[in-house]
Structure formats: structure tokens, C-alpha cells
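Per the working numbering, the very first residue in the sequence shown carries number 266; after that it's consecutive.
FYI, nobody ran anything at the bench for these hints, they're computed from the structure. It should be emphasised that the depicted structure is a prediction, and the values quoted were computed from it without experimental measurement. Incorrect hints may appear among the rest.
Unchecked claim - Pairwise CB distance ranges, derived in the manner of DEER restraints: (1) Lys-476 - Val-542: 40 to 50 Å; (2) Lys-278 - Lys-519: 20 to 30 Å; (3) Tyr-332 - Thr-366: 27 to 37 Å; (4) Thr-283 - Leu-326: 42 to 52 Å; (5) Glu-427 - Gly-563: 42 to 52 Å; (6) Thr-474 - Gly-327: 24 to 34 Å; (7) Asp-540 - Lys-572: 18 to 28 Å; (8) Gln-365 - Asn-452: 42 to 52 Å; (9) Thr-492 - Asp-540: 45 to 55 Å; (10) Glu-427 - Pro-291: 22 to 32 Å; (11) Lys-437 - Gly-357: 47 to 57 Å; (12) Asn-562 - Gly-464: 21 to 31 Å.
From the three backbone atoms N, C-alpha and C, an ideal C-beta is built for every residue, glycine too.
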Amino acid sequence: MSNNYKRHVLNSKKEQLTADYKTRNPNYKTHKGMDFTDETGECIITAIAGGVVDSCRNDVLGVDHNYNTAGNYVRIKHPNDIYTRYLHMKKGSVSVKAGQTVKAGTKLGIMGETGDSYGIHLHFDVNVNGEYVDPLPYLMGEKSFTEISNNTEDEDEPTYPELRKGDKVTLKSAPLYASSTVSKKANTVTGVYYIYADGIINGRIRITTTKGNKDCTGWVNATDCKTENKTEPAKPAPVKPEPVQSTTLKVGDKVRVRKGALTYSNSYLASWVYDTVFDVQQVGTSASKDYIVIGLNGQVTAGMQAKDLTKV
Numbered sequence: 266m267s268n269n270y271k272r273h274v275l276n277s278k279k280e281q282l283t284a285d286y287k288t289r290n291p292n293y294k295t296h297k298g299m300d301f302t303d304e305t306g307e308c309i310i311t312a313i314a315g316g317v318v319d320s321c322r323n324d325v326l327g328v329d330h331n332y333n334t335a336g337n338y339v340r341i342k343h344p345n346d347i348y349t350r351y352l353h354m355k356k357g358s359v360s361v362k363a364g365q366t367v368k369a370g371t372k373l374g375i376m377g378e379t380g381d382s383y384g385i386h387l388h389f390d391v392n393v394n395g396e397y398v399d400p401l402p403y404l405m406g407e408k409s410f411t412e413i414s415n416n417t418e419d420e421d422e423p424t425y426p427e428l429r430k431g432d433k434v435t436l437k438s439a440p441l442y443a444s445s446t447v448s449k450k451a452n453t454v455t456g457v458y459y460i461y462a463d464g465i466i467n468g469r470i471r472i473t474t475t476k477g478n479k480d481c482t483g484w485v486n487a488t489d490c491k492t493e494n495k496t497e498p499a500k501p502a503p504v505k506p507e508p509v510q511s512t513t514l515k516v517g518d519k520v521r522v523r524k525g526a527l528t529y530s531n532s533y534l535a536s537w538v539y540d541t542v543f544d545v546q547q548v549g550t551s552a553s554k555d556y557i558v559i560g561l562n563g564q565v566t567a568g569m570q571a572k573d574l575t576k577v
């Protein structure tokens, strides 16, 4: 099965669906993403949108149904707490590193059969605010990724009005949604409303019936909001620079990751990380001496805080 996707995760742009997302897959209702193959076999996997590589792995040899289930993978962080994952890549093929900025179409690796895999394929999934969601709207261009500046490619993102908490807006037969992610509208609203809180997520913003109301009415598309008046944005409080941390770690040291620790950018780690001894590959940046890059066999696994590492 193939689809005419607007965005692509394979360089050939000929994705063939082999296992669908759980709500459309009665035989695999726990499947968190979509599986793809390609008529060329081991083809190149590419980023669906711009972002920063949050973590990756490149040293899993082959099939592992119990431990390294993701196999060789890349996890990309996009704005607004959106993450995409690309799993089961061929050993040694991952071509990006943690902390690297990528754009739509950047080569990530080669399709393989590593981890919990039954045949060569790509598992692709999307996580929003900590929950796995249906990837199809993102592939079809129905939901957008907010690209990093100067890194967009083949993407025409909508221009949203400048909306802030308390702004008065007029809506005309606008679809009302229960959240920023659901596709089915709950109602249609017309008339004057107020912005409930700052922040456009997936092209939607929260509204309420009266200014200062503590209850949110729902979510509408930001492009449906016609502003009546603007409130002056509050002046941000002065930001005090965080002190630079020091560390006794040095390149080449062997370390373990503290149980439950997150990456330097507060992202989750795979469970195998906490049971593995890593090499320190980088100590510090111009911004903080507390930033430590760890990895295996010369391949970067993640950027961590020094306080979350124990020297072996």
C-alpha cells in the first residue's frame, strides 16, 4: 500500500505502508507509529521536518526482540514538544549525531532490520507533549511542524496572527476542538471570544467566552481568529545568567547514567541506557562546562548533565 504523502521519510518518496497506526490497525492496536518499506529495499531514511537530533544509536548488530528493541535509531526534537523517531536502521548507517540541527530531507541513515524487527523496514512515529499520536496527518501535511529558522525545505508554513492572552477576537463559523491534537471538531462557534492563554500549538489556540475567565472554552484554528484589539505584552523579567558548572570528568572516562535521568535537553532516554557503560566524548561547551556528550564505539548517544553521570 502506498500513499501520496506531502512530507516524506524515505529519500525515494515512495513509502509503502506495511503496518498502520493502532487506530487503523485492528491486528496491532498497540502500534505507536507507521511501518514503511520501499521497492528498492535498503533505502535512505530522511527527516520529515527540521529540528535538532535529541538522541541516536548506531551500534546494534541485528534483531533483538527483548533488549535493544528500537535497534539503531534517530530521535529528532521539533518545536512545541514534538518529537519524531526513525527506528530499526542498519548498523553503522546513522549519519547524524546528538545535538545536530537537521532540516527536512536530511539523510538520517539506511533502512535495516535491527531491534524488534521482522524484516527490513522503517518504523516512524510522532510524539506530542509526551503522547504518541497518529503520524498520518503530519505525513499528509494536515498538521504542521514549526521549522527552525533557515532550515525549512519544501514547506509553506501558514502565517498566524499575533495572538496573546486576553486579546479579543471575532470568530465566524469556526470549528471548535477539545484539544490541539484531535482531528474531530466538537462544535462550531461564532461571535466574540477572548484568547485564554498564549501559545499556538499545531496551528490552534485556546479561547474563552469572557476576558479573565478561568475556564477554557476550547481550541480553534489560529487562522480563524480576527483580532479586535491588542493588549500590550508584559515586559519579560530580566533573565539572570545561570552559573557555569564545573566537572571533574574528562574525555575518555567511563561513566554510567543515573537511573531516571533525562538528557541535557530534558528528553527521555531508552531503558538500555541506564544499564550501559559509556565513554565520555566531549566535556563542556562555550555555554556550560556541565554539558557532557556520551557514546559508544565512537558514536554519540546523548548529551547529559555531569550531575547525572557516575564515573566507573
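Those earlier numbered hints the structure runs against, lowest number first: 1, 2, 4, 6, 10, 12
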